[in-house]
Amino acid sequence: MAVMTLIFSTSVSIVFFISGFSKVLSLKEASLSLEQIDFIPKRLKRITGTVFPFIELTLAILLIIASSNFMINVITIILISVFILVNFQAINDRKPKSCFCFGKLIKTELGYGGLTQSLILLLFVIPNIVFNKSNITVLDVLFSHNLQLIEVFFIIFSMIISTSMLFLSRSFVDKLMPV
Amino acid sequence: MEFIIKLIYVMLGFVYLKSNSEKIKEPHLYFVAMKDYNIVKSHKILYYLTPLLISLELLLAMLLITTIYSGLILLFGVIVQGFYIFILVKNVNHAFQNNCGCFTLNAPKTVTTSNLAMNIFLLVLIVLLYGWESRI
Chain P
81 MAVMTLIFST SVSIVFFISG FSKVLSLKEA SLSLEQIDFI PKRLKRITGT
131 VFPFIELTLA ILLIIASSNF MINVITIILI SVFILVNFQA INDRKPKSCF
181 CFGKLIKTEL GYGGLTQSLI LLLFVIPNIV FNKSNITVLD VLFSHNLQLI
231 EVFFIIFSMI ISTSMLFLSR SFVDKLMPV
Chain F
3 MEFIIKLIYV MLGFVYLKSN SEKIKEPHLY FVAMKDYNIV KSHKILYYLT
53 PLLISLELLL AMLLITTIYS GLILLFGVIV QGFYIFILVK NVNHAFQNNC
103 GCFTLNAPKT VTTSNLAMNI FLLVLIVLLY GWESRI
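If you read the sequences in order, they're chains P and F.
Using the working numbering, the first residue of the first sequence is number 81, and each one after it goes up by one.
Using the working numbering, the first residue of the second sequence is number 3, and each one after it goes up by one.
Certain hints may be false.
[As the list claims (entries may be wrong)] Chain F side only, calculated, beta carbon under 10 angstroms to chain P, not exhaustive:
#	residue
1	Leu-90
2	Val-94
3	Asn-95
4	Ile-122
5	Phe-123
6	Val-129
[Claimed, not checked] Mimicking DSS-like on lysine-lysine, the simulated pairs with C-alpha atoms at most 27 angstroms apart in a straight line are:
#	chain 1	residue 1	chain 2	residue 2
7	F	Lys-92	F	Lys-111
8	F	Lys-92	P	Lys-177
9	F	Lys-37	F	Lys-92
10	P	Lys-187	F	Lys-92
11	F	Lys-43	F	Lys-111
12	F	Lys-8	P	Lys-213
13	F	Lys-37	F	Lys-111
14	P	Lys-175	F	Lys-111
15	F	Lys-92	P	Lys-255
16	P	Lys-187	P	Lys-177
17	F	Lys-8	F	Lys-20
18	F	Lys-43	F	Lys-27
19	F	Lys-46	F	Lys-27
20	F	Lys-37	F	Lys-27
21	F	Lys-92	P	Lys-175
22	F	Lys-92	F	Lys-20
23	P	Lys-187	P	Lys-175
24	P	Lys-122	P	Lys-108
[Said to hold, decoys possible] In silico negatives: residues of chain P with every beta carbon more than 10 angstroms from chain F:
#	residue
25	Phe-97
26	Leu-105
27	Lys-108
28	Val-131
29	Ile-144
30	Ala-146
31	Glu-189
32	Ile-200
33	Leu-219
34	Val-232
35	Phe-233
36	Ile-235
37	Ile-236
38	Leu-248
39	Ser-249
Source of the hints: derived by calculation from the structure; they are not laboratory data.
Note that beta-carbon positions come from the ideal geometry of N, C-alpha and C, so glycine has one too.
Isolated chain P, as found in the complex (with noise of 0.2 angstroms):
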């Protein structure tokens, strides 16, 4: 069970590394993206912006090297509650906007496609919360000597197909249900 909250950890953490990544490449529009969400008090929303690339690279990096901590989960979990949130009020007001959670790398929308994909991120961070307790991480799996070439194999697959899921699951859903 362990290996398995290690892998959904893992896909998150490669979600936010991504998502953080792509935004520090374009850092002015990340921060000016943000002028759409409601609920940020005004003043905050362009210094919320640059800074949020940067809280998503390092909860990435943590969840790799500490992912059985438990305020990182929690961290974790209060930011994808947020995206939850940010997407169901997009399809409450019936406005399509623009939601800039990948950069320039993918173009994406707030929407039914962004809410399956933080629900799903929602539900691989729970295992992790629940059942990991070890202080192992997906590094002491990996380059463990224990485990046969295979299953280092058959690992890193399920992280790619898990990870795959929950970037087709966003456009798949985006392109069937747009808002």
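We have chain P; now place chain F onto it with these hints.
Chain F alone, transformed into the frame defined by chain P:
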């Protein structure tokens, strides 16, 4: 620290108990509200599903108040809250005419972001309390 966790469990239990008492008082209105939410097409299934939901929620409230079986709290909490989050997401943008508006926590008359936020908060709280307790 353990005392704080138990205290939050009990407080959460009373939130569920309050929400559940309204459903026990007016089970038919709850059935009508669930029918509007369009979860299952067959009324026959809904006749069994509605009392099952009420019982599950009552069981969850009792488990939370007694605070003994945290594993069961997690299991039933995730099932109940997961179900309510699912029906809220499924019915986003909907306003229901037959809904009495008396089940504001899980089956509101109009589905708004704050309803979803509250239900996500409850789910996250149950999961985090279990995670916190098991790490002490």
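Here's how the hints hold up against the structure:
no.: 1; hint: Leu-90; in the structure: holds (8 angstroms)
no.: 2; hint: Val-94; in the structure: holds (5 angstroms)
no.: 3; hint: Asn-95; in the structure: holds (6 angstroms)
no.: 4; hint: Ile-122; in the structure: holds (5 angstroms)
no.: 5; hint: Phe-123; in the structure: holds (8 angstroms)
no.: 6; hint: Val-129; in the structure: holds (5 angstroms)
no.: 7; hint: F:Lys-92 to F:Lys-111; in the structure: holds (14 angstroms)
no.: 8; hint: F:Lys-92 to P:Lys-177; in the structure: holds (20 angstroms)
no.: 9; hint: F:Lys-37 to F:Lys-92; in the structure: holds (13 angstroms)
no.: 10; hint: P:Lys-187 to F:Lys-92; in the structure: holds (25 angstroms)
no.: 11; hint: F:Lys-43 to F:Lys-111; in the structure: holds (20 angstroms)
no.: 12; hint: F:Lys-8 to P:Lys-213; in the structure: holds (20 angstroms)
no.: 13; hint: F:Lys-37 to F:Lys-111; in the structure: holds (12 angstroms)
no.: 14; hint: P:Lys-175 to F:Lys-111; in the structure: holds (22 angstroms)
no.: 15; hint: F:Lys-92 to P:Lys-255; in the structure: holds (17 angstroms)
no.: 16; hint: P:Lys-187 to P:Lys-177; in the structure: holds (11 angstroms)
no.: 17; hint: F:Lys-8 to F:Lys-20; in the structure: holds (18 angstroms)
no.: 18; hint: F:Lys-43 to F:Lys-27; in the structure: holds (25 angstroms)
no.: 19; hint: F:Lys-46 to F:Lys-27; in the structure: holds (21 angstroms)
no.: 20; hint: F:Lys-37 to F:Lys-27; in the structure: holds (18 angstroms)
no.: 21; hint: F:Lys-92 to P:Lys-175; in the structure: holds (18 angstroms)
no.: 22; hint: F:Lys-92 to F:Lys-20; in the structure: holds (25 angstroms)
no.: 23; hint: P:Lys-187 to P:Lys-175; in the structure: holds (17 angstroms)
no.: 24; hint: P:Lys-122 to P:Lys-108; in the structure: holds (16 angstroms)
no.: 25; hint: Phe-97; in the structure: holds (23 angstroms)
no.: 26; hint: Leu-105; in the structure: holds (30 angstroms)
no.: 27; hint: Lys-108; in the structure: holds (28 angstroms)
no.: 28; hint: Val-131; in the structure: holds (23 angstroms)
no.: 29; hint: Ile-144; in the structure: holds (19 angstroms)
no.: 30; hint: Ala-146; in the structure: holds (13 angstroms)
no.: 31; hint: Glu-189; in the structure: holds (16 angstroms)
no.: 32; hint: Ile-200; in the structure: holds (12 angstroms)
no.: 33; hint: Leu-219; in the structure: holds (21 angstroms)
no.: 34; hint: Val-232; in the structure: holds (28 angstroms)
no.: 35; hint: Phe-233; in the structure: holds (31 angstroms)
no.: 36; hint: Ile-235; in the structure: holds (23 angstroms)
no.: 37; hint: Ile-236; in the structure: holds (27 angstroms)
no.: 38; hint: Leu-248; in the structure: holds (19 angstroms)
no.: 39; hint: Ser-249; in the structure: holds (14 angstroms)
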